[in-house]
Amino acid sequence: MNEKGGSLLLAEFDAKFPYDYSAGRYASYFLKQLRDHKRIMGIRCPKCQKVFVPPRPACGYCFVKNGAWVDMGDEGTLWGYTVVQFPFLDPMTGVERPIPYGYGFIALKGAATRLQHFVTASDLNKLRIGMRMKAVFKEERAGNMLD
Amino acid sequence: MGIVGVYQTKYEPRKIFDSYPELVFEVSSKVLAEAGLTIEDMDQIVTNSQDFWDGRTISNRTVSEACGSVLRAESKVAMDGSFAVFYAAMRILSGCYDSCLLVSHCKMSEGSPHLINNAMFDPLYQRILGFDELATCAMQAKRYMHKYGINEEQCAKVAVKNLQNGRKNPYPHRAMDVTVGQVMSSEMLADPIKALDAYPITDGACAVILAIEEKARKWSPQPVWITGIASRLDSFYLGDRDLAEVASLELAAKKAYNMAGVTNPRREIDLVELSDFYSYQELLWLEGMGFCQRGEAGEMIAKGITALNGELPVNPSGGILSGNPVTVAGAVRVAEAAIQVMGKGGKRQVPNVNRSLATGFGGSWWSDAMILSRTP
Chain A
18 MNEKGGSLLL AEFDAKFPYD YSAGRYASYF LKQLRDHKRI MGIRCPKCQK
68 VFVPPRPACG YCFVKNGAWV DMGDEGTLWG YTVVQFPFLD PMTGVERPIP
118 YGYGFIALKG AATRLQHFVT ASDLNKLRIG MRMKAVFKEE RAGNMLD
Chain B
-4 MGIVGVYQTK YEPRKIFDSY PELVFEVSSK VLAEAGLTIE DMDQIVTNSQ
46 DFWDGRTISN RTVSEACGSV LRAESKVAMD GSFAVFYAAM RILSGCYDSC
96 LLVSHCKMSE GSPHLINNAM FDPLYQRILG FDELATCAMQ AKRYMHKYGI
146 NEEQCAKVAV KNLQNGRKNP YPHRAMDVTV GQVMSSEMLA DPIKALDAYP
196 ITDGACAVIL AIEEKARKWS PQPVWITGIA SRLDSFYLGD RDLAEVASLE
246 LAAKKAYNMA GVTNPRREID LVELSDFYSY QELLWLEGMG FCQRGEAGEM
296 IAKGITALNG ELPVNPSGGI LSGNPVTVAG AVRVAEAAIQ VMGKGGKRQV
346 PNVNRSLATG FGGSWWSDAM ILSRTP
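Read top to bottom, the protein sequences are chains A and B. The numbering of the first sequence is our numbering, which starts it at 18 and goes up by one. The numbering of the second sequence is our numbering, which starts it at -4 and goes up by one.
The following block holds chain A by itself, in its conformation from the complex (with noise of 0.2 Å):
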């Protein structure tokens, strides 16, 4: 504000960036998984033997590239988690995710690093962490996380 009689402007800029990613092969292959048959897909470092959900094309502990799959199964331990309560804008659909809900972390059996997702439980208050989890699909799957 200014004591001449203006006013700041503002200007607005609602700019779209569209992308059209290569998913590579690794996550190509993790997903046709999930949508194609309903598995998580691990991958395992060679050289360490950890095994990584959602897979990388190379172990960052020991710069090799990953080599064995290995079909996680679909239970897992509840390791962290949050339940968002704030409304806010899902940029994925553009619509106002219902609230409550719940993001985990959830360690799949055997794998040396926390898949993140949605966790859900029929009481939220429930959610304690060491919980033990199961994975659930959708019915129609598109090949994406949220299958």
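It is worth saying that the hints were derived from the structure and are not from the lab. Quantities reported herein were computed from a predicted structural model and do not represent experimental measurements. One should not assume that every hint holds.
[As the list claims (entries may be wrong)] List time: in silico DSSO-like cross-link candidates among lysine-lysine, alpha-carbon distance up to 30 Å:
(1) A:K64 - B:K213
(2) B:K25 - A:K64
(3) A:K49 - B:K5
(4) A:K67 - B:K25
(5) A:K82 - B:K298
(6) B:K339 - A:K82
(7) A:K126 - A:K55
[Unchecked claim] If you anchor each label on the Cβ, the simulated ranges turn out as follows:
(8) B:I53 - A:Q66: 24 to 32 Å
(9) A:Y46 - B:E291: 51 to 59 Å
(10) A:L163 - B:P371: 39 to 47 Å
(11) B:G234 - A:F105: 50 to 58 Å
We treat Cβ as the ideally placed atom computed from N, Cα and C, and that holds for glycine.
Based on these hints, arrange chain B on the given structure of chain A.
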């Protein structure tokens, strides 16, 4: 300090099988393997990429494992690759690090180049007008031609030379034999820049290993010594300066020549790798670097002086016009200039190279120059 290894992926219009980590792991692991080194030999990693091109912020996060930076020092440079090399060199010269693995990556195919280039401009005064890199470079070209008498045929000759040179280079994807007539009649994009005067959409990555003198000598029978290096910025607002002038490059080049003890660049530099995003730029940068008087670069190319077998080969690699991605392009200039000093240029090798000069340019406002030499 010097360069002991370089590695490039094939540059393609769309590397559809490669995610960023896969691209980066390829060049990182192979540059080390070829140099007979391991990731443990590297004190630090410098990554080079741009958030808007990668479609995510902190773009180095995506590739941190792929370049070996887990539990190691890593720093990202979001400028053209030649500046990333400069930055890596500075970190070594600071005394804090002995070596560096530098990895540059970009996939132009995944985003919208027009929107991304438009986003670099000031939102209130320029972005709203829809400016992008092509349009502003076209205006620079017009200004340059008007002030210094360069014409479109001379620029077309640059495209012909570089596209032809690229055929001797296994990496780029758009090398071809064309005539001046074909360049002149290619689709007009923004007057005076036509399709064959402009670089193509490209994906790829490039890695460079740098090391302090003692380590460079230990690791390589013929390290490529960096004997002169400088960078200068110009004013950001394009209307401020006469775009036909290249003050930042002139200053950077002078500083680099001084450092390297070069007093007559035309005679003492054996070849130049410069950033030819658009054909007119080659002529403009040559003048800015003092290889001829202002306005004379057109004559240089007409006389064949800058041809592969000429007195001062320029862009023996085929340049960016043959197909290098933005961002990576600057690192490739350094890599190719280094390859020439190493004598590993294969079909594109220029004979008896003692000193090469690599320059980069970016974001329409800065330039740098680096002199590479067989002798320290």
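*Keeping to a limit of 30 Å between CA atoms, is the pair of K126 (chain A) and K55 (chain A) held or broken?*
holds, 16 Å
*Under the criterion that the straight-line Cα-Cα distance not exceed 30 Å, is the pair K25 (chain B), K64 (chain A) satisfied?*
holds, 18 Å
*Using the C-beta atoms of G234 (chain B) and F105 (chain A), is the stated range 50 to 58 Å upheld?*
violated, 41 Å
*asked:* Please verify whether K64 (chain A) and K213 (chain B) have alpha carbons no more than 30 Å apart.
replied: holds, 28 Å
*asked:* Quick check: does the Cβ-Cβ distance between L163 (chain A) and P371 (chain B) fall within 39 to 47 Å?
replied: Hint violated: Cβ distance 57 Å, outside 39 to 47 Å.
_Given hint K25 (chain B) paired with K67 (chain A) - CA-CA distance at most 30 Å_ = Holds: K67 (chain A) and K25 (chain B) sit about 23 Å apart, inside 30 Å.
*Is 51 to 59 Å right for how far apart the beta carbons of Y46 (chain A) and E291 (chain B) are?*
At roughly 57 Å between Cβ atoms, E291 (chain B) and Y46 (chain A) fall inside 51 to 59 Å, so the hint holds.
*Measure nothing beyond the straight line between the CA atoms of K82 (chain A) and K298 (chain B); if it is 30 Å or shorter, mark the hint as holding.*
violated, 50 Å
*Holds or violated: K49 (chain A) with K5 (chain B), Cα cutoff 30 Å?*
holds, 27 Å
*That 24 to 32 Å hint for I53 (chain B) and Q66 (chain A) (C-beta), does it hold up?*
Given range 24 to 32 Å: holds, Cβ gap about 29 Å.
_Next pair to validate is K339 (chain B) with K82 (chain A); report whether the Cα-Cα distance is within 30 Å._
holds, 28 Å
In this structure, the earlier hints numbered 5, 10, 11 are contradicted, and the remaining ones agree with it.
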